[in-house]
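J.: Spelled out, the chains give:
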Amino acid sequence: MSSYKLLILFLGACALAGCGGGQTIPDPEPTEPVMADDDASTSGDEFEDWGGGEMVDDDLMGAGELGMIIYFEFDSSEVRAEDTDLISRHAIQLADNPGARVRLEGHADERGSREYNIGLGERRSQAVRRLLLIQGASASQISTVSFGEERPANPASTEDAWAENRRVEIVYTN
Amino acid sequence: MTEYRNRILAVVVLVLLAPAAFAQVLDIEIYDGQVVRTPIAVVPFGWEGESANAPLDVAAIVSADLYRSGRFDPKEERDMLQKPTTGAEVDFDDWTILKVEAVVVGKVIQTGANAYTVQFQLFDPYGQKQLVGYRMPASRGTMRRVAHRLADMIYKELTGVEGVFATRVAYVSAEDRGPDKMYRLVIADYDGENESVIMESTDPIMSPAWSPDSRRLAYVSFEGNRSSIFVQQLRTGNRIRVSSEPGINGAPSFSPDGRQLVVTLGGIDGNLDLYTIDLTSRQKRRLTTHRAIDTEGSWSPDGRYIYFTSDRAGGPQIYRIPATGGTPERVTFEGSYNARPRLSPDGKKLAVLTNDRGNFRIGVVDLRNNALVVLSTGRQDESPSFAPNSDILIYATRQSGDGVLETVSADGLIRQRMASGSGDVREPVWSPFPRF
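Taken in order, these protein sequences are the chains called A and B.
Per numbering that gives the first Met the number 0: the first sequence = residues 0 to 173.
Per numbering that gives the first Met the number 0: the second sequence = residues 0 to 435.
If you're looking for bench data, these hints aren't it; they were derived computationally from the structure.
Where a beta carbon is used, it is the ideal one built from N, C-alpha and C, also for glycine.
Careful, some of the hints might be misleading.
[Said to hold, decoys possible] Which bits of chain A does chain B cover? Going by a derived footprint, with three or more residues having C-beta under 8 Å, they are:
no.	stretch
1	98-111
2	117-124
3	139-150
[Said to hold, decoys possible] Here are the simulated distance ranges between beta carbons:
no.	chain 1	residue 1	chain 2	residue 2	range
4	B	160	A	160	16 to 26 Å
5	B	111	A	152	53 to 63 Å
6	B	334	A	152	25 to 35 Å
7	A	137	B	410	53 to 63 Å
8	B	97	A	160	50 to 60 Å
9	B	369	A	81	41 to 51 Å
10	A	95	B	236	43 to 53 Å
11	B	78	A	155	41 to 51 Å
[Stated by the list, open to error] For the chain A half of the interface with chain B, some residues (derived, Cβ under 10 Å), not all of them:
no.	residue
12	114
13	128
14	154
15	155
16	172
Produce the complete structure using the sequences and hints provided.
T.: Put into structure tokens, the structure is as follows:
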């Protein structure tokens with residue numbers, strides 16, 4: 000839990016310093032220009048000048064470009080370091096688009112009690128929600144729901160499937 | 000349709016009674032037929048009516064009930080030396096020679112177009128006396144239940160324990176339908192017959208709970224991608240949405256007087272706590288305030304306490320709080336994971352889902368000494384629920400990936416699998432005793 004608190008402190012400081020206010024945009028995934036080039040080579044895509052990687056699409060449809068799923072360790076609701084950037088980018092989109100709404104759908108793996116797993120899924124949704132709020136999204140933009148183990152992404156009973164199922168899905172609802 | 004697999008696994012749980020307050024499970028071994036079944040004869044019932052045959056083979060249902068209880072061994076019809084249908088016709092020597100300890104005779108008499116009388120007598124052939132005899136009215140629609148009721152009376156007379164053959168079970172099934180799943184809330188007789196779908200949805204259905212009068216079911220539905228708690232009248236199908244707060248609405252359970260539900264609400268901030276809802280005024284009252292997960296509330300039969308799961312000490316354990324509010328006290332200490340508490344109707348035992356060396360299994364805590372005994376042997380067992388006689392539990396286990404239902408006697412000696420429903424079956428809950 001201590002690393003989680005540090006993360007909150009860091010992101011809080013980051014928000015105060017203005018880096019969450021939409022002025023500095025995290026570097027995009029290095030694959031983006033490659034994908035744009037691929038598109039360009041096959042279809043003459045109009046976005047072929049994305050090479051600089053500095054654009055963030057204001058259009059909500061652009062949310063589709065961002066990853067929508069955050070994964071968690073067993074019995075944990077701690078957001079992994081590698082996912083904080085993704086959550087930051089969703090927070091920026093929400094802050095820049097006050098009309099945007101998201102539903103955070105928390106999930107757990109199948110082990111254990113179903114209603115307790117609803118609680119674990121909700122805890123994960125709330126961890127993501129707090130990071131979105133601290134970086135400029137407003138409370139009215141975010142709702143949470145936990146499906147516990149009821150909607151597995153992978154129905155198998157293996158370690159790999161369980162890892163796929165411990166997740167929060169970010170769903171834009173408008 | 001559905002049927003029992005007549006496969007009986009008898010389980011002997013060897014318990015070391017430690018000098019301390021706790022017992023430890025030493026070993027679990029499975030034997031076939033280790034339980035001694037009492038030999039009994041259920042003679043085919045006579046029939047007095049217009050058509051060639053009775054509308055239902057009552058003796059076959061009684062016989063199947065007694066066999067499924069694990070405590071009786073009904074004789075085959077071909078071994079019977081006589082087939083009396085009234086007490087006057089019974090020759091006790093014909094039955095002592097078969098070494099049966101009880102003989103059931105009876106008949107179905109038609110009294111109207113759709114009116115019948117079902118009568119039976121239970122005899123002790125060694126004592127040469129009638130133990131119980133009864134006559135009940137029936138229609139074609141009620142005759143199956145009357146047969147189960149008859150089996151209840153025989154079971155009670157011979158074992159001293161109330162039979163549960165006329166009870167029902169509610170459960171949730173999930174079946175793949177194209178890219179979607181179809182979730183169904185189902186009610187069936189305890190033997191898997193007479194299934195009826197109470198509610199179906201492509202969104203998950205969870206946590207069914209019987210009202211004490213067996214006339215209503217509370218459950219959680221995720222219609223519209225949010226959770227809501229409903230209470231549905233079984234006879235009419237009418238339902239009321241009793242809670243649809245932001246965030247989690249879950250884990251409903253009726254108070255013993257049927258007037259309140261205990262539920263779990265999460266709110267916008269997702270802090271799961273127990274609340275009671277008065278079903279008349281709809282007023283909600285908060286019971287717990289801890290920032291940990293508090294969920295799976297379940298009333299004690301005397302109405303004084305609500306048992307629940309909380310991870311306030313790290314992992315999930317069982318606590319209880321006075322139903323009127325107060326300070327929670329911890330109930331389970333054995334093991335790293337205990338959840339989903341359900342009290343036996345006699346108030347003496349607590350069923351839990353427990354982590355047994357990495358496997359999720361059904362445990363029963365003896366509330367007199369807090370000793371935990373593990374009763375199931377699966378890897379992903381869940382959702383224990385006591386029969387109304389406190390003598391048997393039903394729970395869900397896995398068979399090649401899908402959920403199936405099993406029952407186990409509270410002493411762990413008799414375990415059976417129910418092949419009820421299609422698809423992935425989960426969350427069985429045993430009904431209270433029916434009212435006649």
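J.: Return the numbers of the hints above that this structure violates; sort them in rising order.
T.: Structure breaks hint 4 only.
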